[in-house]
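Protein chains: 2
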Amino acid sequence: MRQAGRYLPEYNATRARLGSFMALAQDPDAACEVTLQPVNRFGLDAAILFSDILTVPDAMGLGLSFKPGVGPQFAHPVQSEEAVNSLYVPDPEDKLKYVTEAVRTIRRELDNKIPLIGFSGSPFTLACYMVEGGSSKDFSTIKKMMYARPDLLARILDINARAVTEYLNAQIKAGAQAVQIFDTWGGALADGCFDEFSLKYMRQIIDGLIRENEGEKVPVICFTKGGGMWLEAMAESGCDCVGLDWTANLGKARERTKDAVSLQGNLDPMVLFAGEEAIRREARRVIDSYGMVGAGGHVFNLGHGISQYTDPEAVAILVDEVHSYSRAKHQPTA
Amino acid sequence: MRQAGRYLPEYNATRARLGSFMALAQDPDAACEVTLQPVNRFGLDAAILFSDILTVPDAMGLGLSFKPGVGPQFAHPVQSEEAVNSLYVPDPEDKLKYVTEAVRTIRRELDNKIPLIGFSGSPFTLACYMVEGGSSKDFSTIKKMMYARPDLLARILDINARAVTEYLNAQIKAGAQAVQIFDTWGGALADGCFDEFSLKYMRQIIDGLIRENEGEKVPVICFTKGGGMWLEAMAESGCDCVGLDWTANLGKARERTKDAVSLQGNLDPMVLFAGEEAIRREARRVIDSYGMVGAGGHVFNLGHGISQYTDPEAVAILVDEVHSYSRAKHQPTA
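Protein chains in written order, with the working numbering: chain U, 1 to 334; chain Y, 1 to 334.
These are calculated hints, taken from the structure and not from any lab test. Note that this is a predicted model, so its numbers are computed, not measured. Any given hint could turn out to be false.
Since the list gives no way to pick out one identical chain from another, each pair is judged satisfied if it fits inside one copy or across any two copies.
[Claimed, not checked] In the DSS-like style, the derived pairs of lysine-lysine whose C-alpha atoms are separated by at most 25 Å in a straight line are:
id, residue 1, residue 2
1, Lys-67, Lys-95
2, Lys-225, Lys-137
3, Lys-137, Lys-173
4, Lys-258, Lys-329
5, Lys-67, Lys-137
6, Lys-144, Lys-113
7, Lys-113, Lys-225
8, Lys-144, Lys-225
9, Lys-113, Lys-329
10, Lys-258, Lys-144
11, Lys-258, Lys-137
12, Lys-137, Lys-252
13, Lys-329, Lys-67
14, Lys-252, Lys-225
15, Lys-329, Lys-137
16, Lys-258, Lys-113
17, Lys-217, Lys-67
18, Lys-113, Lys-217
Next comes chain U alone, as it looks inside the complex (with noise of 0.2 Å):
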């Protein structure tokens, strides 16, 4: 999940120097900022690249744009046969040059001290946004193209992979050394629907990107909001994480990956409102459920974002209990 946000102070104070947040998540030096910010207050393990996960639609030319109280919005959505004939896969070292060279100047500030980890939105996520123009709570618009009009939803969603795949592949170049596919509304897809029009971009995704960089594994995490379900499917889509969100019990779900892939996840964002003594049960309780660690391993995450009105002393509680806990639990005994 993204760590940089509006909970913390100091992410408004260069927000508010650059203005916008599109101008700040295409100013490399300001997305280097923001993305180190969380990590150095907090201590970290790996850190998230700032960005968008709308950047890719963007730079197809749809005219992204954030309103304030609404959210993202499309100024030319893709809503007809002659419209999803004009999309096209952007070069990502053009119009998309500012998230790679974000992750130039991230790599360097970072120094080999901890991994980055890059993102996209998933295909079919990205299409939602480029449909419906914006948040939807139904999904009604892209949903009907998709019962009525499949074959049209396919176009776009094989042009997103393709986009997204060369979008990753070329962080990966620029030195991230892990990246995450984003699925935040895969999980509104009716059994069925989830298989054919969200995982299976997904995979094809995957089956393109580059798995191995200045000779390291590049791992891929896949993650689908409200997916746990569809778990065995997504654990054989060729990534090597599966990120959970709070629904999930991670015991269950090792057992039912059978430690093929590592597990991300879970807490419930909510629990950072709850007090210092919730925290760091809750922390607990998430880190117990997974069990001692064996052939996947977990990464102890947020089940989904952070709420922008968490107290930033919430989020230190929490990454010292995971720490001293986990180390604890995990340490071989002498």
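For this one, chain U is given, so just place chain Y on it according to the hints.
Just chain Y now, with coordinates in the frame of chain U:
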């Protein structure tokens, strides 16, 4: 799911005549009228009581109102120990008499042609609105209470469970021939929390319900939106039927529950926007996903509420396909 609603012009006419949603819900004759509208229009196999899930906390004196564009709001949200202390189980034959009166009126009008299904919100779902004071995107207030003061939330949930038990029993005594417990928000809970804060109290209700009336069994249906992962536990709650949203596969759900309960669901309501061919195809897909009816049984339904923008003609096509396809499929061969 509620059958009557804003997608029907005849419903809008009745509602306009009554002036507001609550005025409509609290007028037994008008509630009967809108309950029967979809039954008469579509030839449905059961009628669903027209009411609201928030009648119970309203009867507790929390002051329910509906603000256009905002949704339900409580004038007195339950956010302190004092507020919890003053909660009580309302007598359903006093402040909720308009509901039992509506049930009696509808039964009289239905004249035993088709059965009537009553319903209530689940204790946790009611608590969400009671504690948040209205709808919420992240449930931060109730989750903060849950993680920091689980004892306090447990007291609310126990009162809700007792209130819902009395309320549903009053519906049954008045003539409801099946009842559904609607857990709209249980799916927002973390693994473990669902069992402790939602399912436990649905079980408490089921244990206290009248299960036979007028010499007939009164089936209990449990529905948790987004609860597909906890299906086994729900099937062991003592209910007769588990409702599923569209993310579940009915065939797999049936294997997991070993035909111990019947299953209800689960067409994506957005299919109704995609035209006749898609509606008929997806309806058949849902019926086929269940397989041949065995010990359990399948109640065809939408996976969640119908959109207010649905064309009534789309519903007519759906009902026609469900009737003709499932009758042909399950007809004993000569």
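*Tell me, in ascending order, the numbers of any earlier hints that this structure violates.*
3, 6, 7, 10, 11, 12, 13, 15, 16, 17
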